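K.L.:
For the protein sequence lines, the chains are A and B, in the order given. Okay, so the first sequence: first residue is 1 according to the numbering used here, each after it adds one. Okay, so the second sequence: first residue is 1001 according to the numbering used here, each after it adds one.
By construction, these hints were calculated from the structure, which means they are not laboratory data. Since no wrong hints were added, every one of them can be taken at face value.
Restricting the straight-line Cα-Cα distance to at most 20 angstroms, the calculated cross-link-like pairs of lysine to any residue (SDA-like) are:
{"no.": "1", "chain 1": "A", "residue 1": "LYS127", "chain 2": "B", "residue 2": "GLY1069"}
{"no.": "2", "chain 1": "B", "residue 1": "LYS1014", "chain 2": "B", "residue 2": "LEU1065"}
{"no.": "3", "chain 1": "A", "residue 1": "LYS132", "chain 2": "B", "residue 2": "ILE1066"}
{"no.": "4", "chain 1": "B", "residue 1": "LYS1193", "chain 2": "B", "residue 2": "SER1176"}
Nothing here was measured: the structure is a model prediction, and the numbers come from that model.
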Amino acid sequence: MARYGMVIDLKRCIGCDTCTVACRAEHATSKGILFNRVFKFEVGKYPHSKLGFLPVTCMHCGKPECEKQCPTGATTRRKDGIVIVDAEKCMGCQYCVVTCPYGTRYFLDQIKDYVKGSETPYEKKGKRKHKKGAVEKCDFCLKRIEKGLEPACVTSCIANARHFGDLDDPKSEVSRLIALRRGYTLNPELGTEPSVYYLPDY
Amino acid sequence: MEEKSKAGFVFGWKVIAYLFLAGVGGGASSVGATFHLIHPEAEKVILFGVILGAPLVFLGSLLLLIDLGRPQVAFRAFSRPNKAWISRGSIVLTTFIILGAIQIGTWIWPFQGLKEYPSLHLILNLVNGIFGIFTIIYTAFLFDTTRSIPFWSTPILPLLFLVSGISTGIFALILSFLLSGNSSGQWISVLGKFDAFLLLFEALIIIFYLHGMHEVTAARASVQRVVKGDLSIPFWVGVILIGLVIPFLIEIILGGEPFAMVLASLCGLVGGLYVRYVVVTGAVKAPLNTEGVLISLSPRPE
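Isolated chain B, as found in the complex:
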């Protein structure tokens, strides 16, 4: 028959780009808010955390919106926060964007009235940072509850998204710092060192994730696609080499060099995008199980 099964995977580049932008925006915002609490003198970090946070997540949300089949009824997405992760996520995204917009509007442009209320600003930024964390991880919880796709159905995924999101957020902060001419800031070195630690942690999570999933029979097809199948180049080159090894080595060996840090940041951001690409595209639905006979629902992996 000419008909092809459309019951496969529906997530395309827009959702992958959203996941990446939500990670970067949420990560930058939460790192900025953390600095606001422990290093309030790091004004530029706090500033760029706010400037990057809500606008990037807003851009990602627009991509989600145009990916909908019927965006004219998108307001219904808020209907079921008691059950559906997408509803919870819609509330999180909206709150995060509104809080970010309030901060930008009253602290940066067009008004600066918030400068007169530092305590209020700190609280606002901290709440924004917490919602930034929620923004990063809610999609991973959504994936985690998807039992039909064993590759996603693991509590390691929220941790991977969180660490990758914060790491890419830091890369975005460093890049913004350097491109705006603040190369002498001591904070680049502090952020770089912390990020090197995060990259190491992320590598460990990826090892545990793939190893753990390989032990799950239904998820083994996904792991094989990622490690030695059609996704092996995006994984080994995009995630591991460009996303982890190169930025880690640059941050350890050439930590203070502005040009090297620009390169490290660009590599780290590309790697973050590839993490989302591999996780989303690597999904393989569990086969139909009819009394022990397994029938594949999706195209067979290589």
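Extracted from the complex, chain A is given alone in its bound form:
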């Protein structure tokens, strides 16, 4: 069984937010909800400072805090490593939103159109995917994976900064990149064992 993971090359990322928009389009997320975000920040001090980018999505942790704290069993980690939320089981206590160290979970308190009062046909169709009152998040585009496609953020990245594959296969592109470029995870001190790796920007 594959263990899906993602590698994000920070040397290639230009902070264009194409992944953010592609994710929103793929999942038709409500206004205010972004399963994928790109943090922009300053590194170093003037005159030796530079702009840094950090795309952040669900880390699909090997030891997910959200799954541990979920009282209803709505959050589960599949055998392929993808952490999913069953909206039918979710009671919306939102403790997973609090406990996720990466801030990648969202409570859908209200389904909002992007432009108030002008629902597009795409939004109308997309609303069926969401359950008001439940928590939602990135699922590595599970439906695309089942069709043999890569997640939308990976396919759409204009800088080829994102890679998706099997972390358990040492020959896969993601495994090779992690080994060659010394891939690292966010907040390793928490011991959550994320499946999203970053390649340094040097």
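With chain A fixed as given, assemble chain B onto it according to the hints.
P.N.:
Just chain B now, with coordinates in the frame of chain A:
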């Protein structure tokens, strides 16, 4: 972008009010049960412990229920007691409320059959009191296991919630005593003295808590918000002055005065509410750590 991060903090007034009510109810119940064991003649203390306990916790639980996004599937909260603190808490709350309801129903109204079985009543009340303690502290254990929020991730928090819960429970008992016209009871003075000790202990815990958290880099932002930032007025005025200093001085100087004790109790209860408010609202998520560069997830503290 117009989008704002919703990954911040989701706990609003309903959860804060629940934490307060669970503290008061659990505290009153456990103090009442303790009196049942060591001073069975203190009937009024035992009575008010039962009257306040389950109804207040029930009220708090209702607030939790309406705070859920999908309350229609709330029954699922009991699903994972082996892992999730919320599941354990749901079982604790339900057991506590059921035990309290049994006591009220068979000892106070509509039936009084339990009066004929004092030993059974004592055991029932003691079990209820133990669940009262669990009711107070399970949320603190839940917070303690939340590693993403360093301000909560400390074993001092269960102790703070426990002491604050018992203290507010005693205030509620004293207030109920006085408002129901039992001002001459010797137990007010006993409870008042014990509570003064608890307030002193609570002050020490708060000092250790904030000092300890200030030493933790990731929690320092929270401590700064509490001590000199946007939460400084709720903390210094609400928690310290109204919640600790005023009731402590009244209990020490004017211990037997009914009016003074009403004032002390009201202040102590307000202080207990502010303890929950400051702890919950003071939470700041640990920043994202990308090879030593720290990126704040939540709004920056002042």
